[in-house]
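Following this note's numbering, the numbering of the sequence shown begins with 34 at its first residue and continues without gaps.
I should point out that these hints are in silico values taken from the structure, not numbers from a laboratory. The reader is advised that the hints may include incorrect statements.
[What the hints assert, rightly or not] In silico EDC-like pairs for lysine to aspartate or glutamate, Cα to Cα no more than 20 angstroms straight-line:
1. K37 to D118
2. K90 to D137
3. K130 to D88
4. K114 to D88
5. K90 to D160
6. K116 to D68
7. K37 to D160
8. K75 to D137
9. K116 to E63
10. K75 to E63
11. K37 to D123
12. K37 to E102
13. K75 to D123
14. K37 to D48
15. K156 to D88
16. K156 to D46
17. K124 to D88
18. K130 to D48
[Said to hold, decoys possible] With beta-carbon atoms standing in for the labels, derived distance ranges:
19. A152 to K37: 19 to 27 angstroms
20. R142 to N122: 38 to 46 angstroms
21. L82 to N155: 18 to 26 angstroms
22. R43 to E149: 31 to 39 angstroms
23. I91 to P145: 34 to 42 angstroms
24. I56 to N155: 31 to 39 angstroms
25. P147 to N122: 33 to 41 angstroms
26. R151 to N122: 31 to 39 angstroms
27. R142 to F45: 35 to 43 angstroms
28. D148 to N78: 17 to 25 angstroms
29. L82 to L158: 18 to 26 angstroms
30. L87 to L158: 18 to 26 angstroms
31. Q141 to G51: 42 to 50 angstroms
32. D88 to Y138: 25 to 33 angstroms
The structure presented is a predicted model; accordingly, all values stated were derived computationally and were not measured. Even glycine gets a Cβ: it sits at the ideal position worked out from N, Cα and C.
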Amino acid sequence: MTHKTDIQLRFFDSDAFGHLSNIAFSLYAEQARVDFLFNVIKQNNNLILAHIDLDFKIQANLTDTVYVETGVIKIGNTSIKIKQDIYANDKVATTAKSVIVLFDYEQQRPMPIPDEARALLNKYLVD
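Given these sequences and hints, build the entire structure.
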């Protein structure tokens with residue numbers, strides 16, 4: 034199962050030719066990641082992005098309908114690896130893979146993912 038986030042495109046997401054920029058795709062991934070974490074495990078304030086890869090497949094334009102489908106690839110002891118397909122007009126334009134770490138700001142170190150959050154995230158495991 035995946036979590037869907039619709040993206041509202043903004044004029045400044047594009048260049049002079051109306052192509053969506055690579056920076057915009059990173060922002061779409063962030064918006065969908067925060068939406069996913071807040072809606073699935075009901076928090077995102079102590080989750081930090083440790084790594085992200087973006088693979089651009091096709092160009093997308095300002096007039097396209099864009100949405101992101103987010104799923105979980107792996108749940109570790111202190112981290113979550115997610116995959117996000119960013120669609121433009123129902124075609125995968127970009128794929129993002131991210132590692133998110135649950136972080137204890139007081140101790141300044143990663144902390145274990147609670148069993149309750151792990152159970153909720155398990156519902157979104159994808160290949």
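We went through each hint and held it up to the structure:
no., hint, verdict
1, K37 to D118, "holds, 10 angstroms"
2, K90 to D137, "violated, 36 angstroms"
3, K130 to D88, "holds, 9 angstroms"
4, K114 to D88, "holds, 16 angstroms"
5, K90 to D160, "holds, 19 angstroms"
6, K116 to D68, "holds, 14 angstroms"
7, K37 to D160, "holds, 17 angstroms"
8, K75 to D137, "holds, 17 angstroms"
9, K116 to E63, "holds, 12 angstroms"
10, K75 to E63, "holds, 16 angstroms"
11, K37 to D123, "holds, 12 angstroms"
12, K37 to E102, "holds, 5 angstroms"
13, K75 to D123, "violated, 28 angstroms"
14, K37 to D48, "violated, 26 angstroms"
15, K156 to D88, "violated, 25 angstroms"
16, K156 to D46, "violated, 32 angstroms"
17, K124 to D88, "holds, 14 angstroms"
18, K130 to D48, "violated, 25 angstroms"
19, A152 to K37: 19 to 27 angstroms, "holds, 21 angstroms"
20, R142 to N122: 38 to 46 angstroms, "holds, 43 angstroms"
21, L82 to N155: 18 to 26 angstroms, "holds, 21 angstroms"
22, R43 to E149: 31 to 39 angstroms, "holds, 36 angstroms"
23, I91 to P145: 34 to 42 angstroms, "holds, 39 angstroms"
24, I56 to N155: 31 to 39 angstroms, "holds, 32 angstroms"
25, P147 to N122: 33 to 41 angstroms, "holds, 39 angstroms"
26, R151 to N122: 31 to 39 angstroms, "holds, 35 angstroms"
27, R142 to F45: 35 to 43 angstroms, "holds, 37 angstroms"
28, D148 to N78: 17 to 25 angstroms, "holds, 19 angstroms"
29, L82 to L158: 18 to 26 angstroms, "holds, 20 angstroms"
30, L87 to L158: 18 to 26 angstroms, "holds, 22 angstroms"
31, Q141 to G51: 42 to 50 angstroms, "holds, 44 angstroms"
32, D88 to Y138: 25 to 33 angstroms, "holds, 32 angstroms"
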